[in-house]
Amino acid sequence: MHQFEEQAEIVRQEQLAPEIFRLTLNAPQIAAAARPGQFVMVQTTAGYDPLLRRPLSIHQTIGNAQVQLMYKVVGKGTRLLSALTPGKTIQLTGPLGHGFELAGKDSICLVGGGMGIAPLYFLAREIMRTNTPPKLIILLGARTAQELGPLPRDFHDIGATETFFATDDGTLGHHGFVAELIEKHLVPENKWAVCTCGPHPMMKAVVGQCRKQGYECQVSLETMMACGISACLGCAVPRSDLSGPYLHVCKDGPVFKAEEVAWL
Amino acid sequence: MNQPDLRITIGNLVFKNPVLTASGTFGYAREFEPYVSLNQLGGVVVKGISLEPRRGNPPPRIVETAGGMLNAIGLENVGLDRFISEKMDYLRGIGTRVIVNILGDSLEEYQTLAQRLSDVEGISALEVNISCPNVKKGGVAFGTDPAMAEAVTRAVCAHSSLPVIVKLSPNVTDITQIARAVEAGGAQAISLINTLLGMAIDVRSRRPRLANIVGGLSGPAIKPIALRMVWQAAQAVKIPVIGIGGITTTEDALEFLLAGATAIEVGTANFVNPRASQEIVEGIGRYMTENRINGISEVIGGLVLS
Chain A
1 MHQFEEQAEI VRQEQLAPEI FRLTLNAPQI AAAARPGQFV MVQTTAGYDP
51 LLRRPLSIHQ TIGNAQVQLM YKVVGKGTRL LSALTPGKTI QLTGPLGHGF
101 ELAGKDSICL VGGGMGIAPL YFLAREIMRT NTPPKLIILL GARTAQELGP
151 LPRDFHDIGA TETFFATDDG TLGHHGFVAE LIEKHLVPEN KWAVCTCGPH
201 PMMKAVVGQC RKQGYECQVS LETMMACGIS ACLGCAVPRS DLSGPYLHVC
251 KDGPVFKAEE VAWL
Chain B
1001 MNQPDLRITI GNLVFKNPVL TASGTFGYAR EFEPYVSLNQ LGGVVVKGIS
1051 LEPRRGNPPP RIVETAGGML NAIGLENVGL DRFISEKMDY LRGIGTRVIV
1101 NILGDSLEEY QTLAQRLSDV EGISALEVNI SCPNVKKGGV AFGTDPAMAE
1151 AVTRAVCAHS SLPVIVKLSP NVTDITQIAR AVEAGGAQAI SLINTLLGMA
1201 IDVRSRRPRL ANIVGGLSGP AIKPIALRMV WQAAQAVKIP VIGIGGITTT
1251 EDALEFLLAG ATAIEVGTAN FVNPRASQEI VEGIGRYMTE NRINGISEVI
1301 GGLVLS
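If you read the protein sequences in the order shown, they are chains A and B. Going by the working numbering, the first residue of the first sequence is number 1, and it counts up by one from there. Going by the working numbering, the first residue of the second sequence is number 1001, and it counts up by one from there.
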């Protein structure tokens, strides 16, 4: 197993939007092993409040030495994380779980919403680095243009030119839901492999669209999780037939085939 | 000075040090292979096993609380047959003692588990879970009633050639009563405490945060209660006591040993820091060297009261 526990030094902490941060950490073992869609367990404090590490997907690796995370401040843990400054160190476990699997796909669409965009950037970058990149369409949704921060430019810079946006307030791209862009931009003649990550209702809508069109779909799920290494069994999700043993997001996922899991 | 001697004895079993891992927090050990030199641990207590596989509770199963967490996993496990066929091969090779935690709904289930596991090579002892508060039937009744606790201990001991450790529930009025009952039933050791029954509510939705409504509280938040109960139990029985409950650091472990525990189990700390158990082994060794303590027996029960 290529999993590591590293004491990671903070290289950069950037505020991208009012509550959104991008954290760059020096973690060479994790960086060298990480694949798009995998996650790390991040210590937010050396104390006991909050007690547990936070699962965060890898936004990208830089030069096989650094791990970059993008996160939104949603509670005490992420608040403490956002206050950490360069030179400080935190414990990091990873890379964990299974990432996206796209070998041999020639038409790929990534659909991200909010912080769910974080791992899709890593994936898009890896796709664009291949010798003959497949057709790649990227659909990104957020509440506002401001919430997307530098992401539109980041995706453009890696050569993902067919990137389209949807915002709740209409400040960038389509005024509405990102799932609505699937019908608009994907020609049904292609055999699309769709990868999605974001809020549950958004992914549910994406999965619905894919089912309707017969597209293959991979989803990256998020749950409460104590350990990230399949010891606590806290991250259970029901299978699509609602029977049999539960799946566990940390080990069986976080990326699943959409048809494996229940969409309640 | 020589290396300090961390070895402890429970029944006729010698452990290389007093640091074990608590059931349900260390998987089947393999999960921790990337992080811990398993052979450095005193022993590993594996995830609780029932006769048949158990699916566990629906999510959400865990919630973080101040200095701790609530869990209602519902004893999800692969069941006895798959445990023996899929997990034991690996466990036989980890270079430390393997203790198998067992749980059941009836005396017969405990007996069958005890009997079948006695025939499996590579198991050092059984730890009997009579205390898990998560499953609606069984569990609670065994651990909270002295007569039932004694009966289940007797049943397991009668059907097993392995040393039997009984893991106590803290959700009782008088822990010493249960400890004595289990000793009378023939247990070679007791371990305590299991989780404390707790609850959390989401005030926005007004719904419980756990699908099971209630769950077991663990982590640093429960350490003072666990320490008090271990201290009380250690005075009440002659058999060795294994201390469990919020142990996160070397100092925590030493407190339990001073209170009278012969060994300790590291639980929730494994989730927070996968290297916690090994760090505690190393820390106890350093503490002994620094304080010129030759043998761990000089620490166990060393609480000074006057």
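Just to be clear, a hint being listed does not mean it is correct.
Claimed, not checked - Per label pair, the in silico range of CB-to-CB distance:
no. : chain 1 : residue 1 : chain 2 : residue 2 : range
1   : A       : L16       : B       : T1009     : 56 to 66 Å
2   : B       : V1203     : A       : P199      : 18 to 28 Å
3   : B       : S1037     : A       : P199      : 35 to 45 Å
4   : A       : P18       : B       : V1203     : 18 to 28 Å
5   : A       : T161      : B       : I1213     : 50 to 60 Å
6   : A       : N190      : B       : V1214     : 18 to 28 Å
7   : A       : P152      : B       : E1251     : 49 to 59 Å
8   : A       : A32       : B       : T1289     : 32 to 42 Å
9   : B       : V1214     : A       : G75       : 16 to 26 Å
10  : A       : K212      : B       : P1224     : 49 to 59 Å
As the list claims (entries may be wrong) - Listed below are the simulated BS3-like cross-link pairs for lysine-lysine, each with C-alpha atoms no more than 30 Å apart in a straight line:
no. : chain 1 : residue 1 : chain 2 : residue 2
11  : B       : K1016     : A       : K257
12  : A       : K191      : A       : K257
13  : B       : K1087     : B       : K1016
14  : A       : K251      : A       : K204
15  : A       : K135      : A       : K76
16  : A       : K251      : B       : K1238
I should point out that these hints are in silico values taken from the structure, not numbers from a laboratory. Cβ coordinates follow ideal geometry from the N, Cα and C atoms, glycine included.
Comparing the hints with the structure gives:
1. Separated by about 58 Å at the C-beta atoms, L16/A and T1009/B satisfy the suggested range of 56 to 66 Å.
2. About 22 Å separates the C-beta atoms of V1203/B and P199/A, a value consistent with the hinted range of 18 to 28 Å.
3. At roughly 41 Å, the beta carbons of S1037/B and P199/A sit within the given window of 35 to 45 Å.
4. Checked against the hint of 18 to 28 Å, the pair P18/A and V1203/B passes, with Cβ atoms roughly 25 Å apart.
5. The hinted range of 50 to 60 Å is satisfied by T161/A and I1213/B, whose Cβ atoms lie roughly 51 Å apart.
6. For N190/A and V1214/B, the Cβ-Cβ distance of about 51 Å falls outside the hinted range of 18 to 28 Å, so the restraint is violated.
7. For the pair P152/A and E1251/B, the supplied restraint of 49 to 59 Å holds, since their beta-carbon distance comes to about 51 Å.
8. For the pair A32/A and T1289/B, the beta carbons lie near 36 Å from each other, so the given range of 32 to 42 Å is met.
9. Evaluation of the 16 to 26 Å hint for V1214/B and G75/A yields a pass: the beta carbon distance comes to about 23 Å.
10. In this structure the supplied range 49 to 59 Å holds for K212/A paired with P1224/B, their Cβ-Cβ distance being about 57 Å.
11. Restraint check: the Cα-Cα separation between K1016/B and K257/A comes to about 45 Å, which exceeds 30 Å; the hinted pair is violated.
12. Simply put, K191/A and K257/A have alpha-carbon atoms about 16 Å apart, close enough for the 30 Å limit, and the pair holds.
13. Annotation: proposed proximity of K1087/B to K1016/B holds, straight-line Cα distance about 23 Å (limit 30 Å).
14. For a cut-off of 30 Å, the pair hint linking K251/A to K204/A stands: about 22 Å separates their Cα positions.
15. Between K135/A and K76/A, the direct Cα distance comes to roughly 41 Å. Violation of the 30 Å bound is thereby established for this hinted pair.
16. Of the supplied pair hints, the one linking K251/A and K1238/B is violated, its CA atoms being roughly 43 Å apart against a limit of 30 Å.
Of the numbered hints given earlier, the model fails hints 6, 11, 15, 16; all others are met.
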